[in-house]
Amino acid sequence: MSTLTAKPIQDYTSKDYKSDLKPIWCPGCGDFGVVQAIYRALANVGRAPHEIAFVSGIGCSSRIPGYTTAYGFNTVHGRSLPIAQGIKLANPELLVLCAGGDGDGFSIGGGHVAHAIRRNVDMTYIVMDNQIYGLTKGQLSPTSRRGLATASSALGSMESPVNPLLYVLGYGAQFVAQGTPADMSGLATIVEEGIRFPGFAFINVQSPCVTYGQEDQMLKAQKATMQTLESLGHDPADRLAAMNLAQAYGEKLYTGVFFRQPEPGPTFERLARERHEAQRASVSSRADVLNAFRVKKP
Amino acid sequence: MNTDLVIGMAGSGGDGIVSAGESLLTAAAMLGYHGVLTKSFGPQIRGGESSFRLRLCTEKVLNPGGALDIAVALNWEDFLKFGAELPVGGQTTVVYDSNTNVAPGKLPLVGVTPAEVLSVPIEQMARETGGSDRAKNTVVLGLMSGWMGIGRDEVIAGIRKRLSKKGAEIVERAEKAFLAGLEYAQQHPLKTDRLMGEPPTTGAKFVVDGNDLCAAAAIVAGCDFFGGYPITPSSEIMHFLGREIWKHGGTMLQAEDEIAGIGAVVGASFAGKKALTATSGPGMSLKTEMLGLASIAELPLVCVNVQRGGPSTGIPTKGEQSDLFQAVFSAHGDVIRPVLAAVSAEDMFPITIEAFNLAEYYQTPVIILSDQEVGQRKETAEPIDVAAIKLVERQRPTGKELEHYTRFRFTETGISPISHPGMKGGNYLASGIEHNELGAPTASGEMHSRMNDKRLRKFDPLKQRRDLFIVEGSAGAPLGLVSWGSVAGIAIEAFRMAVKQGLQVKLLVPRLLYPVAEAVYQEFFASITRGLVVEQNHQSQLFRLLRMFVDVPRGIETLAKSGSNPITPQEVVDRLRQISLALQRDQHQQPSEG
Chain D
1 MSTLTAKPIQ
11 DYTSKDYKSD
21 LKPIWCPGCG
31 DFGVVQAIYR
41 ALANVGRAPH
51 EIAFVSGIGC
61 SSRIPGYTTA
71 YGFNTVHGRS
81 LPIAQGIKLA
91 NPELLVLCAG
101 GDGDGFSIGG
111 GHVAHAIRRN
121 VDMTYIVMDN
131 QIYGLTKGQL
141 SPTSRRGLAT
151 ASSALGSMES
161 PVNPLLYVLG
171 YGAQFVAQGT
181 PADMSGLATI
191 VEEGIRFPGF
201 AFINVQSPCV
211 TYGQEDQMLK
221 AQKATMQTLE
231 SLGHDPADRL
241 AAMNLAQAYG
251 EKLYTGVFFR
261 QPEPGPTFER
271 LARERHEAQR
281 ASVSSRADVL
291 NAFRVKKP
Chain L
299 MNTDLVIGMA
309 GSGGDGIVSA
319 GESLLTAAAM
329 LGYHGVLTKS
339 FGPQIRGGES
349 SFRLRLCTEK
359 VLNPGGALDI
369 AVALNWEDFL
379 KFGAELPVGG
389 QTTVVYDSNT
399 NVAPGKLPLV
409 GVTPAEVLSV
419 PIEQMARETG
429 GSDRAKNTVV
439 LGLMSGWMGI
449 GRDEVIAGIR
459 KRLSKKGAEI
469 VERAEKAFLA
479 GLEYAQQHPL
489 KTDRLMGEPP
499 TTGAKFVVDG
509 NDLCAAAAIV
519 AGCDFFGGYP
529 ITPSSEIMHF
539 LGREIWKHGG
549 TMLQAEDEIA
559 GIGAVVGASF
569 AGKKALTATS
579 GPGMSLKTEM
589 LGLASIAELP
599 LVCVNVQRGG
609 PSTGIPTKGE
619 QSDLFQAVFS
629 AHGDVIRPVL
639 AAVSAEDMFP
649 ITIEAFNLAE
659 YYQTPVIILS
669 DQEVGQRKET
679 AEPIDVAAIK
689 LVERQRPTGK
699 ELEHYTRFRF
709 TETGISPISH
719 PGMKGGNYLA
729 SGIEHNELGA
739 PTASGEMHSR
749 MNDKRLRKFD
759 PLKQRRDLFI
769 VEGSAGAPLG
779 LVSWGSVAGI
789 AIEAFRMAVK
799 QGLQVKLLVP
809 RLLYPVAEAV
819 YQEFFASITR
829 GLVVEQNHQS
839 QLFRLLRMFV
849 DVPRGIETLA
859 KSGSNPITPQ
869 EVVDRLRQIS
879 LALQRDQHQQ
889 PSEG
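Those protein sequence lines, which keep their order, are chains D and L.
For the first sequence, my numbering gives the first residue as 1, with consecutive numbering after it.
For the second sequence, my numbering gives the first residue as 299, with consecutive numbering after it.
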């Protein structure tokens, strides 16, 4: 089942989502392709830029909201998810995007991912996974491969990497996909599907770091090795099959939707709305809250 | 007849100690009496020791008082664990359960001879009337009602209301237990008169505690979002909003941690809503980075710290005023965050409203310093007139401003109109990164300096808010008394006692602690050569903060104690008398003119 048959709400083009700010990214950075894919996905969805909140953490990739015309919020390291949830719960009408790097999402902010999944606030979380810390000039990241020598691991990493795909699938994420700017068009499609998914959507993007990354992670290498999950005949309704394929993270580059819950569970904001409707009738004004403190003579 | 009585009671966790105290306070409030009820517990979740102290008064009362007039021990082991929190003195009537097998002449109280000692068969009466020892607290209610001569009908009404769900038999037994205690008291009159005088004629009061009232004030202020994480002694704020905020269209989020709690609040504020978080010391430490984000992104939010003993886990169940330095200084970068402190549970209402107003007006995080006592004690309060409350909303851009919107525009006040997602034309980038007027990231030293100036200068008018200070006494008095937060209630009473005794003293209680309103203090200190700063922490944190910003007279001393070491009005008066004597010596030593 594709969710992409829907028509845009209004006619927008990628240009309408591109801001005047010039990216600080290095020439050739994968994130250029990611932001292009996001522009295109947003144009296909067709929400007005002022109805979009785009939240990020800290890192090279977290500069991304500023390169869009949406309401952007470039927050603190690792905390984009709680802030994005607060925005969506405060105004469920907004389209909420959240983005950051692998350090932001799986190291300093790793604890928030599981809770974003179980809370299921409708938003799309895009992790630009480059297996390195670029902004701080080349240290180990939580997805760096074992043995990797970096600025902070001159003698090689002694830890095994986090597998972001298995992590989120294990926590019960209802939409899990992976893309690469090596296939910008495919990535745009994945982002659009994530946005249209009614709940928390996770997208891992293999976005290479041209300055501190490894040769086999560059776009050219990716183009030669990537395989679409569709071509493997994968059924995205099958979580266990998705987990099986996700085990190849770090060895094989699969793109497309690993898992999409066929019948998505309720979002937090839908349950909140139902609660509001159920509770509202019991009071007439905010001042009623003070009745709790009144003592009455017998 | 008495106008002011302090009752203290202790027993085991399952004895319903606190519930008895609350019943008595509620009954007294119905009659129009004023009262303060504090609770103190051991660290255990079930069992362990439990106590209350209740001060009832015919006039407004701001603290739980000093030595007990009536002490009730259901067992001595638990009673003694509270030490100075339940002080027995020469004026105390001691009542204890006969089942403790302690002879009235051999109480385990060292160096004290109480005015009167009664061994009462409390447990026995509970079993005979209430059917189990669980009715001991109700028997004690009867004893108190009888000896104090108040609240018979009110306590019974309270019992009926509280137990009606449990069935008629339970209610009947409880009433019997209460009446048994009452009759016992009537048959065994005390040698010392403990009858309460006539209540004020102003009528029934509210009964409030600081945490619940803070939550209610947030709703009245228009708060639509709470994010937080459970932590003692602040969780009641979350509990209350978890029940109530939905009725008013708001959302309560119990987040995965303290950081996510305030993170969601920052997000809700960015989205245009008034938002609140609440915590205690360890949680404040975790929230610090988010407070910095809210400061630089100029987003309103209110953060309540219900202080407890620290550092680290410290004493979670007992209050302290030791997080003032943290509230004022824990930010990195050049930051001012307004810090407010309530002086009583009742004061949490106006302080919380004020916090939201300041947050919205100045587009800033505002910290409220409460503490375990303000947060969890129950007290009588005057009914609140909601119609009289003025609410402030953040300044929004006009239609014309949205044509070329500049989020962080340099203005005369330093306050720039703020848009929110969904507002057409208001699109901007908020960030923790230094930015220019449009919100675009910058590393320019000049822009950083101008933005810092904007973000700091905007608070200048706040320092002129004299209404956030309690000042009493004659302007020229040479002796000064300064205090803040829950301990201010003790200082205010001490001040009034000292004035009655003829001391030339004046009082200052800041409810705005930061930014330091230099002019208010300079004016207060102008006539003062000696004085006292009273606070519940080890380092005299307010005193030291003032020394940083204000020319504090050299003759100012401190009375500072770590949390859960009671400070009494009498103790403050005694210190003031000593200081006053020193003041007289100073005046003698001054060389005469001519």
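Accuracy of the hints is not assured; some may be wrong.
Taking lysine-lysine and the DSS-like style, the derived pairs with C-alpha atoms no more than 25 Å apart in a straight line are [unchecked claim]:
{"id": "1", "chain 1": "D", "residue 1": "296", "chain 2": "L", "residue 2": "463"}
{"id": "2", "chain 1": "D", "residue 1": "18", "chain 2": "L", "residue 2": "698"}
{"id": "3", "chain 1": "L", "residue 1": "337", "chain 2": "D", "residue 2": "296"}
{"id": "4", "chain 1": "L", "residue 1": "459", "chain 2": "D", "residue 2": "297"}
{"id": "5", "chain 1": "L", "residue 1": "545", "chain 2": "D", "residue 2": "296"}
{"id": "6", "chain 1": "L", "residue 1": "798", "chain 2": "L", "residue 2": "358"}
{"id": "7", "chain 1": "D", "residue 1": "137", "chain 2": "D", "residue 2": "220"}
{"id": "8", "chain 1": "D", "residue 1": "297", "chain 2": "L", "residue 2": "463"}
{"id": "9", "chain 1": "D", "residue 1": "296", "chain 2": "D", "residue 2": "252"}
{"id": "10", "chain 1": "D", "residue 1": "296", "chain 2": "L", "residue 2": "464"}
So, partial list: chain L residues that the calculated Cβ filter (under 7 Å) puts toward chain D [as the list claims (entries may be wrong)]:
{"id": "11", "residue": "387"}
{"id": "12", "residue": "523"}
{"id": "13", "residue": "725"}
{"id": "14", "residue": "744"}
These are calculated hints, taken from the structure and not from any lab test.
Beta carbons: idealized from backbone N, C-alpha and C, even for Gly.
Practice prompt. Could you work out which earlier hints the structure fails to respect and list their numbers in ascending sequence?
Written response: Violated: hints 9, 11, 14.
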